[in-house]
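S.K.: Mind docking chain R on chain S? Use the hints.
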Amino acid sequence: MGLSVSSRPLEVEEPSLGSLLAPDRLEGWVWVMAYTAVMTMLSLLRYRLWIATGFDLGLYEQGLWLILHHGILAASSFTGAPILARGASYILLLLSPLYGLFGLGFLLAIQAFALGTGYLFLQRIGYLAGLTRGTSRLLGVAYLAFPTVVGTNLFDFHPDTLGIPILFGIIVLMLEERWVGYGILSLLAFLVKDTMVVVLFGLGLTLVIRRRPLAGLLTMAGAVVGVYVDVFVLAHGLLHGNLSQWTASYANLGPSPQAGIRGLVTHPWRLFLWVRDPRAWEYLVIMLAPLGAGIVLAGRRLFSPWWIPALMVLEIDLLSKDPALTDPFHEASLFAVPALFTAVAWGMGRSGNRPGAAPLKRAWMGLALVFLLVTAYQVHRTDWHPVANVTALSAAAKLVPARVPVVTQNFIEPHLSNRRRVWLPSQALGRTLPRGTYVLLVPDHRTGMTRAATLARLEAQLSGPRVQRIMDPAGGIGMYRILRPLKIRASKGGTP
Amino acid sequence: MDRAEGLAPSAPGAELPLKAHAGVLPRARRRLQSLGNWLELIRNLAVRDVETRYKHSLLGLYWTIINPLVTAAIFGFVFGVIFHASSKPIPYVVFVLCNLTFWNFFANAIMSATASVTGNSSLLAKIYFPRVVLPTAAVLARFIDFGFSLLVLGIIILIYHVGIYMTAPAVVGLLVIQLAFTLGFGYVVAALNVLYRDVTQLVGLLMMVWMYVSPVMYRIDGVSSAIQSLLLLNPMGVLIESERNLIFRGRLLYPEYIWLALAMTAFVFLAGLLLFKKIEPLFAEVM
Chain S
1 MGLSVSSRPL
11 EVEEPSLGSL
21 LAPDRLEGWV
31 WVMAYTAVMT
41 MLSLLRYRLW
51 IATGFDLGLY
61 EQGLWLILHH
71 GILAASSFTG
81 APILARGASY
91 ILLLLSPLYG
101 LFGLGFLLAI
111 QAFALGTGYL
121 FLQRIGYLAG
131 LTRGTSRLLG
141 VAYLAFPTVV
151 GTNLFDFHPD
161 TLGIPILFGI
171 IVLMLEERWV
181 GYGILSLLAF
191 LVKDTMVVVL
201 FGLGLTLVIR
211 RRPLAGLLTM
221 AGAVVGVYVD
231 VFVLAHGLLH
241 GNLSQWTASY
251 ANLGPSPQAG
261 IRGLVTHPWR
271 LFLWVRDPRA
281 WEYLVIMLAP
291 LGAGIVLAGR
301 RLFSPWWIPA
311 LMVLEIDLLS
321 KDPALTDPFH
331 EASLFAVPAL
341 FTAVAWGMGR
351 SGNRPGAAPL
361 KRAWMGLALV
371 FLLVTAYQVH
381 RTDWHPVANV
391 TALSAAAKLV
401 PARVPVVTQN
411 FIEPHLSNRR
421 RVWLPSQALG
431 RTLPRGTYVL
441 LVPDHRTGMT
451 RAATLARLEA
461 QLSGPRVQRI
471 MDPAGGIGMY
481 RILRPLKIRA
491 SKGGTP
Chain R
497 MDRAEGLAPS
507 APGAELPLKA
517 HAGVLPRARR
527 RLQSLGNWLE
537 LIRNLAVRDV
547 ETRYKHSLLG
557 LYWTIINPLV
567 TAAIFGFVFG
577 VIFHASSKPI
587 PYVVFVLCNL
597 TFWNFFANAI
607 MSATASVTGN
617 SSLLAKIYFP
627 RVVLPTAAVL
637 ARFIDFGFSL
647 LVLGIIILIY
657 HVGIYMTAPA
667 VVGLLVIQLA
677 FTLGFGYVVA
687 ALNVLYRDVT
697 QLVGLLMMVW
707 MYVSPVMYRI
717 DGVSSAIQSL
727 LLLNPMGVLI
737 ESERNLIFRG
747 RLLYPEYIWL
757 ALAMTAFVFL
767 AGLLLFKKIE
777 PLFAEVM
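Protein chains in written order, with the numbering used here: chain S, 1 to 496; chain R, 497 to 783.
Only chain S is shown next, with the shape it has when bound in the complex:
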């Protein structure tokens, strides 16, 4: 599969400032920065207007603050374990001083930028795959509009996003057969998240199929070593036997990662237990069908080894009992995206002839329509409504002193996460709130994370001599200060 070099005379490129400003060079960066600006604006607006459906932004903000002020083993009040135990994102160690200097805006902007750079990499992959510039451009736009990319960007902050340029870089270096850079980036990839080993194993397999056995086998071996180090060495040190993260997502496979892996090896049919779940098929259709259909409509061959790493990531998500992981807009599917789009580029471009105009147009019109539908669905199901009184809530949040423990809802906690103890209402139930704890609630504003019954149960117990009411919830915002330790009962009945 090598490329020949002829004895034609060489064209000498005269470098100047003008060549750096050539339109074809600028265009890719314009797309990247446009995407960065738009996504940063949307995520910042959601933050400022107190709109959130998850709690990852506050979770990682607290995690970074804890690393900076209390060391890497300081436990997050959300998970009860160090933040590094949540996916082994060692890249957070690099991010924490930057977060300390530049704050939340930096996190949101760097996330959007990291995802946006995928457009540039896809132009390069398209070139190497033999696509025309127009087709590469469309592929890049399709990537920027892909459900997983948009959803991950809008919903809080995730360190996984920083792995996307690394993964794309690995793929480009694989295609260009620049193995030193490939090796360095592969090592860097381990820092991003534990599930990166799955993608790397898949890429290694792809290399073996593409007749690069040494590089492929080394990559696969590295991935296996990575799994061992993550599961058996680092997780032990960080988690101290706390396997709640595994239990929450993969308890159906076994009580521990070791048991789960053993079970899959000895009973491989467990890999297909999801086939009876309609949700799994919905997930696969949204993730694979638009891209696969593009190749088929263009009259190209669908199958290539590039699908392998993507399918492995999707399989990991399908094996999970956590329904969030089979949400196409969830960050769990993000690592599949670079390989998915490389598979499309390879499928579209792999031909001795230029693609015919009519099939290509059909392919891209169909793709565009599906993406628009999926994006519209995403916008429709995304929560965009802010709290009723943004100004009053901003003022109330400013009243909470620094460093005191806080109980608050998920859309408020990103604003109050720079402290050791922040609890969601569900976490407050069954807990003794220490003296000095502030409770800040907007009872009429629910985002799906906290049930009405949980809020009501908590509020019912925030009365009596141990509690000072600072703001009356009848006005829309309830704010309380705990004067003496207060045990919050988890079950119904009785008075405090």
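No lab work stands behind these hints: they were computed from the structure. Source: prediction; values computed, not measured. Every residue, glycine too, gets a C-beta built ideally from N, C-alpha and C. Among the clues, some could well be false.
Stretch-level coverage of chain R by chain S, calculated; a stretch enters the list once three of its residues show a Cβ under 8 Å from a Cβ in chain S [to be verified]:
hint, segment
1, 712–724
2, 747–755
3, 766–780
M.R.: Frame of chain S; chain R shown alone:
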């Protein structure tokens, strides 16, 4: 432009286009040399612009001081005295003069950049040089005026005995962002004005509206949080607010928005350059 000739690089027997590149360091050296030539040209054009503007005028460069002072006095009277706009802890005149200093640099630079290519058609016909230096020189000429306005602001601050914080020098960083944003926008309007002369009128209107949407005459923390969040999406608004806060409050009140302003600036700068380079081949035809 597509790689129209030959096979795709992934096809068997394909040949990659062969270009010999000098090493990284020699290329960087040549690009720096090229940048040096451009900067000298930009400097000469900018100085010429400033000299030409005030040639044969009685007050000359003093106009760069008189304009903002008179505007600040009018705004100070109308908004500060009649409407009692709050600008505590600093006097309203100082508040509005500070904002106007930064705003006027942007607005005047954009107005100059708009006419920079069409106003130099004779130069374009006589000699080849990178056309992008024209709007760049126009913006930098206004930056020179801005320098004089800063001196006046300093004098007014001293007269009113308003304290400034040690964070004031950090304004330089924000000025770099503002300069990049102004340049990018300048490239857009300069290129479009060659094709459509209405752009000059449109830019005038746009600057007027933009000034009222930016916190030039009012404090942004005086409005509700929801409206604040929308107003802060305006990169000039964020920059002016932040520049003033660094000088008079010693901190940034909305640091997260600086990153949005930075992302928007990078986009505007690159998109402006791209648009200018794409329209540039049409300059000779149209003018």
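S.K.: Hint by hint, note whether the structure agrees.
M.R.: Going through the hints against the structure:
no., hint, result
1, 712–724, "holds (count 4)"
2, 747–755, "holds (count 5)"
3, 766–780, "holds (count 6)"
The earlier numbered hints are all upheld by this structure, with none contradicted.
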